[in-house]
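There are 2 protein chains.
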Amino acid sequence: MRYHKIPDETVRRLPIYLRGLMLSADQGLEHLSSKSLADYVGVPSWQIRKDFSYFGDFGTPGVGYRIERLAKEIKKILRLHVIRRTALVGVGDLGTALLAYPGFRTFGLDIVAAFDVDRRKIGRKFNEITVEDLAGIEGLKKRQISMAIVAVPREAAQEIVDKLAAAGVRGILNFAPCKVTAPKRVKVITLDIAMELARLPYYMPSG
Amino acid sequence: MRYHKIPDETVRRLPIYLRGLMLSADQGLEHLSSKSLADYVGVPSWQIRKDFSYFGDFGTPGVGYRIERLAKEIKKILRLHVIRRTALVGVGDLGTALLAYPGFRTFGLDIVAAFDVDRRKIGRKFNEITVEDLAGIEGLKKRQISMAIVAVPREAAQEIVDKLAAAGVRGILNFAPCKVTAPKRVKVITLDIAMELARLPYYMPSG
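As they're listed, the protein sequences go chains B and Z.
Note that the working numbering numbers the first sequence so that position 81 is 81, with each residue one more than the last.
Take any residue in the second sequence, note its place counting from 1, add 1000, and you have its number in the working numbering.
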């Protein structure tokens, strides 16, 4: 089942709620009040209630949210309940950091292949993954890899995205600080770290 | 001058517009239509006009936005026109990638110090920056460092944030996948890379 009409900003917050719920479950909690969840994730409780209203009502007055049920539901909405085989392109400093990052699997994302142009890197192993030549991207569909993370320099990003799209990849997280275009069937999210940092000074008290 | 009442979601989009404008200026353009900017940054033009309405009107009918003027204004609103001295804490794979990342300076962010606990890293140089012992955080105020990037493991993040807050840091970009708390005078933005990736499957067509 696909849930419709959930605004992008709500979709952006759902993983934040999910992480809050999962960390609470790790601490042995079974219920969480809307206020506790709000404090925990740093989103006002009216906003949380509004976001949840798009897909049902999970709170019980006086008891709060049932953590496990709500987490399961959010995972289903975000379609994270299926493990997705993911390729990494670009095994530089950032790429290496991403390969070592344990957090992806929690969200159903399994990095199973890595590609680079650098002959010195091809054949090397990082966290159980052997780096392959870029040409291998062509075979992604056969290997049932439908997602990719792009961590290449800006100049190379568009070409890599084109190759990934041609190879049947459906979702791309792009770390290159530039706009890339892709066919409609491919969803691209660009995550420019500098731009996240660029929001900080606005909120910093002066003096 | 401080602009008030700009919604967080608008603040989140302003750096995206700014990057679009800067890349257009690099290409030699002086004006950009609202539609071209929309196509360029992937935000609907009605949203762009609404966002800009919070701080004035920068478009001229038939000519579009004056790129240089608008970029300057956005920089001022985001308070990016002042260079801010920034410290990096945690020189692992991700930290090293961040030290090598050229994009920060464009947004007025200058990484001038790096700290780690690992004795093998202390004293080593990465991109002109010599890694210092964590104890050095205490001296940040004297060195006029008011921003920090935290790229340490989850377990260490809160302790580091406490130290940074005590050392007078006013803005923190936290990459550790956990919630950290700080006094009100310190603005913390947590950027959990896995959670950005977690939004992708929602948008991916199935099958």
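It should be emphasised that the hints constitute simulated quantities derived from the structure, not laboratory data.
Treat the numbers as computed from the prediction; the structure is a model and nothing was measured.
Backbone N, C-alpha and C define an ideal beta-carbon position, used for all residues, glycine too.
Some hints could be false.
What the hints assert, rightly or not - Label-pair ranges, simulated between beta-carbon atoms: (1) B:Gly139 - Z:Asp1026: 32 to 40 Å; (2) B:Arg120 - Z:Glu1009: 19 to 27 Å; (3) B:Asp110 - Z:Leu1029: 37 to 45 Å.
Stated by the list, open to error - Quick list of in silico lysine-lysine cross-link-like pairs, DSSO-like style, CA-CA up to 27 Å: (4) B:Lys184 - B:Lys121; (5) Z:Lys1050 - B:Lys179; (6) Z:Lys1035 - B:Lys121.
Said to hold, decoys possible - Listed next, the stretches of chain Z that the computed footprint assigns to chain B, with coverage defined by at least 3 CB atoms under 8 Å from CB atoms of chain B: (7) 1007 to 1013; (8) 1195 to 1201.
Tested hints:
1. B:Gly139 - Z:Asp1026: 32 to 40 Å: holds, 36 Å
2. B:Arg120 - Z:Glu1009: 19 to 27 Å: violated, 43 Å
3. B:Asp110 - Z:Leu1029: 37 to 45 Å: Cβ of B:Asp110 to Cβ of Z:Leu1029: about 42 Å, so the range 37 to 45 Å holds.
4. B:Lys184 - B:Lys121: violated, 33 Å
5. Z:Lys1050 - B:Lys179: holds, 22 Å
6. Z:Lys1035 - B:Lys121: violated, 42 Å
7. 1007 to 1013: Satisfied; 3 residues make the cut.
8. 1195 to 1201: holds (count 7)
Comparing the model with each earlier hint shows violations of hints 2, 4 and 6; every other hint is respected.
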